[in-house]
Amino acid sequence: MVTDSSAPKLGFFTKLLYGTGSIGYGIKDVAFRSFLLLYYNQAIGVRAELVSLAILVALVVDAISDPVVGQWSDTLRTRWGRRHPFMLASAIPAAGSLLFLFFPPSGMSDFQTFWYILVVGCCVRTFITFFEIPSSALAPELTSDYDERTSIASYRYFFAYLGGVGMAFLTLLVFLAPTEDYPYGQLNPAGYQTFAIVGAAVMFVAIIASSLGTIHRIKYFKMPPPREKIGAIGTLRQMGGTFSNKGFLAILAFGVLKYTSVGMTSALNIYFGTYFWGFSSAQLAILTLDSLAGAFLALFFAPWVSRKIGKRNAAFVLAIVAVCLASAPYILRLSGLFFDNGDPKLVAAVFLFSMMFQLCGVSSAVLTHAMIGDIVEESQLLTGRRSEGLFYAANTLMQKSTSGLGVFAAGMLVAFVGIVPGSDPRTLDPEIPRMLALVYVPTLITLYIGGAGFLFAYRIDRASHEANVSELEKRERDHPVKIEEATNPAE
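Residue numbers (our numbering): 1 to 491.
No wet-lab data here; the hints were simulated from the structure. Hints may be right or wrong, so weigh each one.
Subject to a maximum C-alpha distance of 16 Å in a straight line, what follows is the list of computed EDC-like cross-link-like pairs (lysine to aspartate or glutamate) [as the list claims (entries may be wrong)]: (1) K246 / D461; (2) K15 / D147; (3) K15 / E148; (4) K308 / D147; (5) K308 / E148; (6) K9 / D147; (7) K9 / E180; (8) K15 / D145; (9) K9 / D145; (10) K308 / D461.
Keep in mind the model is a prediction, meaning the values are calculated, not measured.
Turn these sequences into a full structure, and let the hints steer you where they fit.
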């Protein structure tokens, strides 16, 4: 067990500040998933397939750093713990690289811009990894309680949505407000640059606040004993043994399909809002709040449904309900049963469907995040190692890579149906966005439902988790010498 049993319970402000750190991750996410493709494609005028390919390659290259950072943070031994040195060091480079991403040098060709997005995008995502992976891995160290882990995961997801949705709302409503030169404000390049300036500043503050707000808990952590120096091959073998956990593989399989759809949906949301629903930037700004409303409700709903039917069952049911809600407005419109563009009821109807989708989708994500924390003790019993960093790194690697695949797929779909750079919503053939929806909806349903089925391979419930924690406590009592070694951090 890594948390001292005599440690006081986590207070509200500790949970709050722990969750605050994910604001920066949310800002990075909305930049890559929602704004980057539209900015470079429609505002700068770069071909969509080149932009989406650059984003995909950047995500895959960056993802390689995740298990490296995770393994490194698992083995680091300092008086400031295993995670906080990484978290504090990430603030300036993460915020700075986000700023540069939206200020490309002028006069570049499409291929030069491709390389700029690729290189700077890798920097943004790698530097935020140095915060996100150690911060995620901090959760099982903060508490071993089955329900408490769901609670702190819900705070983390809420603030991630607050960062992403809050910045999206501000950007669409204020930074991308229509002007005489840009009646569709979402095509104004200056608004995206303002987003980058404000977003970088908020990201920096959030990382510092979260790191300093949890540093007082370090004194309650029991430092694991030093790992043997086994070389690169031995380390890879250990990592393979850790990742062979069946429950973790089930979560990864679910995530691969789910986050491919998440990346595709996020990248296409503004396209659908602009070209399919005919929304203005102000209406799009209002619709970003559906995610925040759903995430706020999930802050309470996810722990409640977990207590009622368990994390695994709740995550499965909510994923199925979520995709039904996400698809419904498109199916109704394509069937001629939904409000027409321009109808004052349209925004409210889309908002309601999307808010309920977000409530179910975020709650499902919160539960799977907490489920990974419960795998830590099961894995420790089997391997003798605590590997929080590795588990959360692999999960983040999966999310980044598959979200990148989804963004790439979105770019390919946009190019395939014929939405070219600079397309005017007022003159675009309405059959083009209709065709986009006809391809998007069945793809979304297939990915979500297919992924959810893998969750049945996850077997940990409340009783088995509590048994795992009790067995670890027993082993610690039976081996007092090892406990003493583990509680003596290196200077």
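(request) Would you list, in rising numerical order, the hints stated earlier that this structure does not obey? (result) 7
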